[in-house]
Each structure stands twice: as C-alpha cells, then as structure tokens.
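Trainee: Following the hints, put chains B, C and D in place on chain A, whose structure we already have.
Single-letter residue listing:
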Amino acid sequence: MDPHLLAAAAPITSTSGGEALTFWIIAPIAVLGALGMVLAKNAVHGALLLVANLFCVAVCYLLQDAPFLGFVQIVVYTGAIMVLFLFVLMLIGVDSTESLVETLRGQRLAATVLGLGFAGLLVFPLGKVIKGQPAAGVADVNKAGGGNIHAIARLLFTDYVFAFEAVSALLVIAAVGAMILTHRERTGPKPSQRETLRRRIESGAVLTPVPGPGVYARADSADQRPALPGGSNGLVGGAPSELGPGGGAAGGRGDDAGAGDAGDGKAPSGPVPATGPGAAGGAAPVGAGKGSGL
Amino acid sequence: MTPAVAAGAEGGAVHYAAASGAFSLSWLLIALPLAGAAVLLLGGKRTDKFGHVVGTVAALASFVVGLVIFFTLVGRDGSDRAVSQHLFSWIPVNGFQVDAGLLVDQLSVVFVLLITGVGTLIHIYSIGYMAHDPGRRKFFAYMNLFLASMLLLVLGNNFLALYAGWELVGLSSFLLIKFWEYKPAAATAANKAFYMNRVGDVGLAIAIMFMFGTLGSTNYDHVFTAAAGGAIGHGTITAIALLLLLGACGKSGQFPLQAWLPDAMEGPTPISALIHAATMVTAGVYLIARSAPVFNETQAARTVVVIIGAVTILIGCVIGCAYDDIKKVLAYSTVSQIGYMFLAVGLGPAGYALGIAHLLAHGFFKAGLFLGSGSVIHAMDDEQDMRRYGGLWKYMKVTWVTFGLGYLAIIGCPPFSGFFTKDKIIETAFDKGGTSGYILGIVALLGAGITAFYMTRLFLMTFHGKARWSHEGADAKHPHESPTTMTGPMILLAIGSVAAGALFVVGGTLQDWLAPVVGEHGEADHVLSPTVLTLLTLVVSAGGLAGAVLRYQLRPVDAVAKPDAAVSPLTVAARHDLYANTFNEAAFMIPGNYLVRFLVWFDKIIIDGLVGGTAATIGGLSGRLRRTQTGYVRTYALSMLGGTILVVGALLLVRAG
Amino acid sequence: MNPGNYLVLSGLLFAIGAVGVLVRRNAIVVFMCVELMLNAVNLSLVTFSRIQGNLEGQVIAFFVMVVAAAEVVIGLAIILTIFRTRRSASVDDVNLLKY
Amino acid sequence: MHTVPWLTILLVIPVAGAILVALLPKRASTLAKQVTLVLTLVELVLAVLATIAYEPDKPGFQFAQRYDWIKQFGVSYSVGADGISIVLILLASVLMPVVVLASWHEAEEGKRGVGAFFSLLLALQAGMVGVFAATDVFLFYVFFEAMLIPMYFLIGSYGAPKEQTQRSYAAVKFLLYSLFGGLLMLAAVIGLYVVSVHQLGHGTFDFAALRQMHIDEDTQKWLFLGFFIAFAIKAPLFPFHTWLPDAGAQSPTGGAVLLVGVLDKVGTFGLLRYCIPLFPDAADYFAPLVLALAVIGIFYGALLAIGQRDMKRLVSYTSLAHFGFIALGCFAFTSQAGTGAVLYMVNHGLSTGLLFLVVGFLVARRGSRDVDAYGGMAKVTPVLAGVFLIAGLSSLALPGLNSFVSEFLVLVGTFTEYKALAIVATCGIVLAAIYVLHLYKRTMTGPVVHEENKLVADLSLREKLVVAPVVALIVALGVYPKPLIDIIRPTVTATFTDVGHHDPAPSVPVAGVTTTGGHS
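Here the protein sequences line up with chains A, B, C and D, keeping their order.
Going by this note's numbering, 291 is the number at position 291 of the first sequence; the sequence numbering is gapless.
Position in the second sequence (from 1) plus 294 gives the number in this note's numbering.
Position in the third sequence (from 1) plus 951 gives the number in this note's numbering.
Position in the fourth sequence (from 1) plus 1050 gives the number in this note's numbering.
Looking at chain A on its own, in the form it has when it is part of the complex (with noise of 0.2 Å):
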C-alpha cells in the first residue's frame, strides 16, 4: 500500500538535490520500520523497529533546519525514552509475547479498513492543497535568531515562558506520580533481619549463592541431583516454586504442610517422581525439609 501512495504522491512533489535524495532513502525506511514495529511478533523488536523509525524522523528534522529538534529527538527518544521502554519491556518479561490470534471480533478488519481510510483522508486531500506550495523555509530565522538553538530558546523563554514553566512542573510531577505509582505500601511492620532469613530458609529457597549459567551442576553437595541433561527443568534463574511441573513437585503441593520441602531437595525430581524422596515429599513432615535445607 505505502509503495502506491507514495507514487501517488510523488507526481506532486517537486524533490532535487540532496534533501530529496535523503528524503527518499530516509522515508522508506521510517515507514518499513513503523510497520514493522506494528507487525513485529517480539515486543523488544518492535521497539528497535520504532528506534529506527524515530531516527529517521529525527533526520527529517534536521533536513527542514530543526537541529535542534532532531537532535533532542535522538537524545530524548531514541535514547532515553526508548530504553525506558526496553527497560519497562525487560522487567516485565520479554518473552511474555501476545498470541497474535485476535480476541476482539473483526478488530483486525475494521482498523484496518479503517487506518487506510484515515491515511487516504489525511495523504489525498493533502497532496491536493500543497501541490506546489512554496516553503518560506526557517533558515532565514534561524540566522536571525543567531542559529536554530538561540533562536528557540529566545522563543521559549520569553512568548512561552509560562508554558515552558507548566510544562517542567508536569515533567516533575511525572517523576514524582511514577515513583508513587510504582512505590508498594508496605502492609505489614518491617521484616527484621531474622525473619527474613527464616522465611527464606522456610520457602526452601537456595541458600547459597546459585552456579554460573552454563554450569549444570546446581549445587555441590552429593546430595543433589544434578539437572537433567539441557537443564530444562534446572533451577538455574528461577525461583523453585514456578519451576517443576512434574509429578514430584504437584505432589508437594498438594499438601500445605510439605509445599516448602517439596521444592526444596526435591522440586528437580523430572521424569522418575517414585524413586526420589520427592514423592513421599507430601507426606514428609516439616522436619524433614528443614533438616536437609541446614
């Protein structure tokens, strides 16, 4: 679709030298890469997709003499505001990828219908009014405000000065709204030192420090079993108790009593359950899990 609007658009438009010639590099680009981004499976591809979109219209600034602009559109978008996206997108879980299976009934038809109907509205009549219109260009105002950046900063520290202070106490108050939003109230009095280990030995987890990737051997102790072959069903990188979907580990759960040991010795217990002490792990008392977690 985009090819043909473009060559719908490009009979209208008057393009030379090297502007034109960037444009119609950087152009495509930006459009592949905002489709991209929207058709992209993996979230954090999309959001390189977007970065490459967002350098290119950063480009485009700078073509139409807006250094300024492009560059804080580096700065602020590609780089800081990106990596917070990246960031958010890592701390939710990357491969928390959405089924591209459509839930909404013909969500999928009606936007698009209808996104090619707003670009038609926004790109045909458009090309219709600024056929030929002459740029007035901000070069000359950018000299005479001695350079883009002066001249920008002369405009919005004096016309949109109260603007420009509203629009900081927004920024501040962002900050301040995203640590209140994202700061949990503590319900309970602070845990001390003791009852942190305590329930750290309870919940079964690894008390000592866990082995390097690539090492398969999760603990040294003779005791322990080592991980299947792949390590799938290691502990490496994760907490036991969202580990193990085998029989060992839904036997200690079934039991409240015996949830904690189950993951503790015994969670990696993997294809042979009866043999391993895990399968008695539901009936084992506390005692017991406790005994081999010291």
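Treat each hint with caution, since some may be false.
As the list claims (entries may be wrong) - Looking from chain B toward chain C, a few residues come up when the C-beta cut is under 10 Å (computed): (1) 765; (2) 917; (3) 920; (4) 921; (5) 923; (6) 924; (7) 925; (8) 926; (9) 931; (10) 932; (11) 938.
It is worth saying that the hints were derived from the structure and are not from the lab.
As the structure is a prediction and not an experimental result, all values here were calculated from the model.
In this text, a Cβ means the ideal position worked out from N, Cα and C, and glycines have one as well.
Mentor: Then chains B, C and D, alone, in the frame of chain A:
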C-alpha cells in the same frame, strides 16, 4: 351606567345609617361568645372546673347586649332602624371590596334576641344535662363558638360575612354532632351534615359570585338597591335566587337536602334543641327573608321556594309518624315546620313576616320540646325509643307540663303560639289564589293535621298510657324529675311557646316591625274567609289528634315495633326516610366510590404507568446500549478513530467541497 | 524540496500508529504505537514550521516531546503497576471498567 | 432604608449557615440544631423587617441589586423583590424555624448524620430565597435547579426510616421529574437569550429587559411551553403530578412541609412571574388549556385524596387540588383571582404545612402512615386531633381561616371572566370537605380500635410550640388578610395590566361601590 343611577334614584334604594352609640357595641355580640370559646379551648383542662360558667356568662352577656341594642333600636325612628357598623376592611382587592361589617336592623335584631335568648337558656340547661360528661368544658366552648358564628350570620352586612357565618355554624354544628365522637354513628352523622351543608354552601357561594360579577359588590345595600331597582337582568336574578335557595335548603334541611338533619340527632340533646331546631336550621328562612328584594323580583324562584316548602312539609310529617325514636320524630317535625316557614317566605311580601313569626314561635316551642325530650331521655338512662316509655307524667311533672305546652303550641291549639303563626301561613297560602294557592293551602292544611297526629302520638306514647318499662330487672329505670338548671329553661321556653304567637301575630306587631326590611304587607284578597279557614284548620288538627288518641291512648302500644312486613308500604318507606338515604347512596356515594377507585387505579396504572413506562423504556434501551461498553480499550479506540474519520471527512467535505 | 512530502510521510506514520494501537494487545507495544503517532504529529509540526517560515511549530513540537516524555514515564509506571497485580501486560485483560 | 441589601442578606445567612453547620463536628448534633434554629429565627426577623420595609405601592422591583456575573452572556447576579416574591420569601422564612423545631429528633434515624440534615435544610432555604429573589432569568434557573439537591438528599437520606427502596425511588423520581422540567426550561431560557440577542442587540437574561421585548407569537408559544412544563411539574399540575405523592409520603416531615409548602410554590410563582409577563400572547393562547388542567386537577386531586389510605399521600393529593385553584387564579387574568392565587400560595403553605406536621407527628408516634392503623385518636390525643382538625378545616377553606379568603378570591375572580369554570371549580369545595373530614373521621373518631394506640402521647411542649405559630397565622390571616393583600395586590394588578388584562367591569355597577375601597 344608567341602571345604577336609576336604581339609586328609585324608591327601592336601601340605605343603612352609620353605627354610633349603643350600636357601635354590636361587635360585642359576636366577640363575647367568641372570647368565651377561645378561653375555654385554649385554657385547656385548667378551665374544666368553671368552664360552663364562663360559657353561660358569655352567652348571657351577649343576650344583655342584644337587649340593649334592641331597645335602642325601638327608640329610633321607624324608617331609620337599620344601622350598619364598619369594623375593618376584610378582603380588599381592587373592585372586590369586602368589609367586615355588621348590620343591626329590625330583622337581625329579632334573630339576635332569639339566638342569644334561647342560647342562654340552653346553656343553663346544659349545665345540668352535661354535668357528668368529662367533655363539658369543650361542649360549652363549641356552644359559644356556635353563638358567635350564628350571630355573625345574622349580623353581617354583606353576603360574604353571611357566608362566613353560614359555614362557621356548619362547623359548630359538625363539632357538636360529633361531640361524642367515640360513637361511630355520631362521627358519621357529623360528616354527613357537613357534606350536605357544603352542597348548599356551594350554591350560596356561586350566588355571591353572581352578585359580584353583576354588581361588583356583595353588600346588602348595594345588592338590594340594584335588585329593587330592577337593574339586574331577570335571568341573573332568578339564578341568584335559586342558588341562594340551594344554600338555604342545605342549611335548613329542606328537600332535597333534608337527610342530614335527623341523623344530626346523634349530638347531645341541648344541641338538637339549639342548633337543629331553634336557630341554625332556620338560617335558610333568614336568608330568604333577608334577600326579600331579590326574591321579590323573581316569581320563578318564589315558586320553587313554595314547592320545596310544601314538599318538605309532607316529607317531614309522613316520616315523623313512622319513627319511634323521640328525637328523630322531633327532628322530622322540625323539617316539616321549616317547610311551613319556607312556604311562607316563598309567598312573597305577604309571607316573609309570617315565616319569621313562625320561626320565632317554633324556636321557643321546639326548643322546649327538645329540652323536654332531653329531660325524659336523661331520666330514662339515655333510652330514646318511645315504645319503652309510657306513663311518665307521674314521675316528672314539670317536664310533662312544659312539654305539654310546647306540644299544644306545635299542633296549633289556640291560644298557643303555633295556632297564630301556622294558621296565618295556611291562610296566606290559600290567599295566593288560583290552583296553586289551593294546592299549597291544602298541603299546609294536611300538614297541620298530620302534625297533630304524630305529635299527639309522641306525647301519648311518652307520658301517658301504660309504662312499658320497669323498676326492676336488668334494665331497670328510675325516672325522676331533672334538676332546676334543666327545668328552669324548660319553664321559660314553655312560657315563650304559649305567648310568642299572640305577641307576634295579633295586631301584626312583627309584620309592622319587619316591614322596612321585607316590604309592606298589604291586605290580601281572601279566597276563603279567615274565620272559615281557622275553623277548618282546627277541625283538621283535631282530626289528627283524635286519630292519635284512638290509636295510641285507647289501644295498648306495643313495646316493640312491628316488623316491616306487617305494616303498610307507606310506613316502611317512612321508616326508611322515604328512601332519601338510599337514593343518596345509590346516586352519589356508590358511583362516587367507584369513581374514586377507578381514579386511584387510573393514576397508578395509566399516568404513573406512562411515566414509569417511559423510564422503563429508556432504562431498557440504555441497558442494551450499555453492552457496547465492553471494557476493551481497543474497541473504544476503534470507535474514536471512526469518529475522527467522520469528523475529518465532514470537515473536508464542507471546506473543500 | 516540496515540504508536502514530509506531511504525507507524517500522515502515513500516523495512520500506521493508529492501526497499531488498534490491533496490538501488548500494552507496551500499544504505547509505542502512540509514541509513533506523536512523532508523526511532531514531524508535521516541524514541516508546518518550515512552510510558515517561523519557529513556533518547532517550539510546539518541543513541548509535545516533553509532554510525551512525561506521559511515557507515567504510562509505563501504570503498566508496571497493572502488571504487578494482574501478571499481564495485555490491554484486553484490563477490562473491568465496563457495563 | 433603600441602601439595606435585604435580599442579599437573606440569601447569605442560610448559605453561610449551611456551610457552618456542615463544618461542625459530627458529635455536636445539639449544637447544630441550636445554631440552625437561631439562624432561621434571625432570618425570620430579617424577613419580617424586609417585608415591613417593602413599599407595596411603588412599581417595579425593590431592594434591587445587580452585579455582573458572567458578563459575556449577560448573566448577572441581580435580585429584587416585588409583592409576590416578598410574601413567598416571608412564607419560607416563617416555615423554616417551624420545620427546624419539628425536625428536632427526626434526623437521628437518617443515614447521614444530624448536622448534615440541618445543613441541608439551610441550603434549601437559601435556594428558596434565591429563587424568589432572582430577577435574572439565568440566576433564577440556577436556584431553581440548586434547590433540588438538598431536597433530594432530604428525601433520600432522611425519609421514611423503614422504607429504603421506596424512599430512594421517591427521591430519584422527584429529582428526575424536576430535572426534566428544568432542562426544558433551560432550553427556553437559552431561547429567550437568543431572542434577546436578536432584538436588543446584546444578549441578556435580565428580567426587566426581557419583559420589554416583543416576541412573535410562535416563538412565544414554544418558549412558554418550555417554562410552563417546568412549572407545571414543579407546582404540580395534573398530569405532571405523580412524583408528589411519592415524595410527600417518603419525605421526612420537615422536608414534606418545605416541599409542598414552599418548594412547589416556585412552580406557581413562575407561572405568574415568568410565563405571563414574558409571553403574554402565548399565555392567552394557552390559558384555556391551563384552566382546564387546573379544574381537572381540583377534582382529580380531591377524588384521589378521598381514595388514599396512606395519610401523607392523601395530604399530597389534596395539594394537587389546591394547586389547581392556584393555577386557576393565575390564568383567569383578573386581579382578584391573581391576588387570590398568590395569597393561596401563602395560605396553602401554612395549612398544608400544618397538616403535614400533624400527620408527621402522628406517624412518628405509631410508625405507620396507614389510615387504618388509627381510629379514635381524638380520645387519646385531643390536642393533636384539634390541631389536625384546624389544619384540615383550613385546607377545606373554612371562612375565618386563611385559605377561605384566597380560595374565594380565586373563584370570584375567575367567575368574572369564566363563569362556567368558576361554578364547576366551586363544586370542588364539597370534595374538599369530604377528603378532610373523611380522613378525620377515620383517624380521630370512633372507638380506639388498636390497643397500642391507647398509649400514644399527646403533643409535647416542643410540638405545641411548633404548631402554635402556624395555627395563629392561619386564624389571623383568615380574619385579617389585608396586610398581605395590600402587598400582593399592586404587583398582581400591574402584572395583568402590563399584558393588557383588565378586570371586567360589573355589568350593573351600583353607584358608589367602586369607591368603597377608601375605608382604610
């Protein structure tokens, strides 16, 4: 307009002198009993001990003021006896100016004397009669309130003041009928009285509106001047007269609004005497006499008045023969006697004074009869059934004698008062001339005969014959004479019933006195000679009397009335008030009930249903519409995009054509 | 060069962003699409600035950037909070606010 | 005297009071009551003083004040009093302390606290004063709607204690009905503004300025309908009345008194103040319709009242009948009927207010609004029964009590223009007697049927204090209504004269009659 000028210039112009001297005290007449009522009602239980004294003194004081005013009036020149007192401006709205004003003239002053005089006597009587009633203070308060209202009715110098008094006596009557309000019958009777009075009041109110709409005033002098001057159109004045008549019928228990009066006997007996015999129920007669200039102008209305009077005479007489309840018989006798008064005042200038005379005489003898019956009821432990009386004359001699005098007066036995007044009315009815005169005269004559019959029946059943009660047994009776506070008024009233007729009628005293108000009464052409008529009347009355003696003295009276099946259809009908109540129920109450039920349904289902239905429809629609709010952000975004496209598209269409 | 080309580009990017918002369910991706739309607008603002020959457009674009930055901060914080409680970053899972 | 801004003072006191009482600590409920009572008494004194300061025979608005509010739209805070509004403000001020005293213990069962109840009452008073005092149509609209809010909460939060669902229903119904009317009126108000832009060149909401306009008849009709329906709902007139019985039955006693006593008067006040002077041609055109609705209302309300078993609903339906009389007076276009209508507004506030108070006292004692739960109460509670009877008698327009004067004025004034209507309407007074006395009979007379009724206490001293001033006013205004009439009459006469209605002259004027006004 010219009619106004003409009316003022003609001889019919009515003029009232401004009040001065004793007349400027006339407001006291009303204020005294009103103050008594206020003190007793607001004072509460604190005034229980001496409440009856306060009430009686207020009534007596008012009577004294009335006497003073009366004698001052007598002292004035004959043509200058109408004195109007302006108190304050009551309802002043541009063209509608109503003042609180009083009019003391020949007509109102006789009423004042009747009301305060009989009123005071009945106050005194009530001291004894109500001695054991815990609500005696309230009783006196209401009686005082009644006196004040009734005096306002007769003293007002405009129709609106009269109307105010008119409704207030209705209220007092209501309060007193339901005095023993724990008795459902009393409460029902009171409500019935008020409702039926209100029907009449509507007529009076509309009449007043007609007066204002036509004349721009409701003052007596203006209305009567215009009426007498012939300035009011014939249709209008007939309408006014008929509407006034409707009011009068309601208040006076005349056909077709007579049904409430017998029920009103549920009230204490002094009330029956004062309000439902002597004063309030005769207000209708006062109204017609007062409005004489209006009625004089319209023959049609007068005809209706005499017809109503005649019909009511017969209704009252017939039903009076059938009842065994002593008070009900007296009540129907009142109905029929007022019928006589209506008949009289309906006869025009010839009859006004006679109507008033009969009214005054009736005030005395009927009040006396009621008080006597009260004395009997009191003695017989609240038994009202005459069939359980008999031979009481031995036990209560004073009551027997006073009651007997009243009885002789009502049946028209010469020389007692009823003889003079009733005889004159019958004579005037015949004098009306033509067929109608004969019909009216014969009805009146017949009424006199039946009156003699049922009053004799009552008298004999109560005081003579064998005692149908016993000193022993479960319902033993110990009849005894009443205390002096009760017998005293009875004696005074008996004297009045003996003397009043002669005093008023012989020599035309009252006629001359009232002439300036109700018009001169020229000598009529007699159809039958007065002497013949008097004899005829006496014969008819004697016939009735003889019939009653034959039936109730010479033959034993059953202690229990015969069942309906054993008596004639006429008696059955009479026992059922000639089906007046049945008719009212069938024609108004039952359809009314259905109408109300229908409207309650209509309001709930149709009107509220319409509103609720609209609400439910909108609610249902919004419930459907609500489903579009799926909670999915993307759906909302989609619709936003759609909306944006629409708006942008529309803008482009408009801008770019 | 005719600045109209930039506007066409801007329109295309905006439309693509809009479609992205509509079809993607991952909140962060949706958010990125919003950023794309904002950028598309910024591009047109800068172009208008050029067409008009003054810097107002650029200043507004600058403000848009700043506000967008603030918005990103808050938006991501919200996404995080939601993720923390619901273990999901799908915008379809957050649909409690409905009829 | 002219410099005293009476109306603003009267408006500020309850507003400030409402805020003050709302801010009082929750536990200081007694203090809240006392503060409210004192404030309402101060307000009463000031209102009486203002009424005395009012000069009836001066044309136009008095105590007028005007400050720009939203200059762009010509909206101003402008207040002023004429003979109609001053007596209604007085009525509101009279009823307020009575209501406060009557509601002394009522709020304790409510769900929002005692202080809030009294704060709401004061807010309501502010709304009532404002709506009568406003001389800017927009300001009027604002107060008109603002009044709803406290009333809504009074019904919804403090209404019949045991009937949560029904009282919410009643509150919502009341609010929606009024809002619906209010929105129609808003549309008409805006329409009026648009017309003023076209006619005067500058848009204004100022009543006096709007009155000078000559609107073409079709526009008038639409604008009239917008105002009229709002007022007809508020008043209420048949067939817009069904919210009233629900609201009346579910309101707390004090709320019901204010609702029917004062709030609903805004409707009839609006008819007289806004509908007729602003749209005279439309008023003429629609007069037959309004008169018909009024007469239907008289009978409909009365008959339905007879058919009710719920006492508060019954009283509400009697109000419907009374509003029929008031509307009849407003649209008969004679000075007698108009004056009677305004006087009726005051009198109805007193008599129906008293009726609601007494019924409320009775219901509070037994917890039932059902007529059948009573019977023979006159023996147990004689004072209560007496006051009940007085209120009822006033309601049925007994001469000597206040309502008679107004009712008769309405009827006689209507008669001079519309004979048949007046005669029909007069027949309604029979029904009035029936609904009042039938209720009295069923509740007060006869034997005491229910055992628990034998222990019911008569009116307490506080309750006697509540009813005493109202009873006194009922009697006083019945005997000597002249002071009020003298205030109302010039304004009403001017209102009708300005739109070209003069009292029809009597067909046979008696010489000297017209001059009898000079007695005083």
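Trainee: Hints first: check each against the structure and report whether it holds.
Mentor: Checked hints:
no.: 1; hint: 765; in the structure: violated (89 Å)
no.: 2; hint: 917; in the structure: holds (8 Å)
no.: 3; hint: 920; in the structure: holds (4 Å)
no.: 4; hint: 921; in the structure: holds (6 Å)
no.: 5; hint: 923; in the structure: holds (5 Å)
no.: 6; hint: 924; in the structure: holds (6 Å)
no.: 7; hint: 925; in the structure: holds (3 Å)
no.: 8; hint: 926; in the structure: holds (5 Å)
no.: 9; hint: 931; in the structure: holds (5 Å)
no.: 10; hint: 932; in the structure: holds (5 Å)
no.: 11; hint: 938; in the structure: holds (9 Å)
When each numbered hint is compared with the structure, a violation occurs for hint 1 only.
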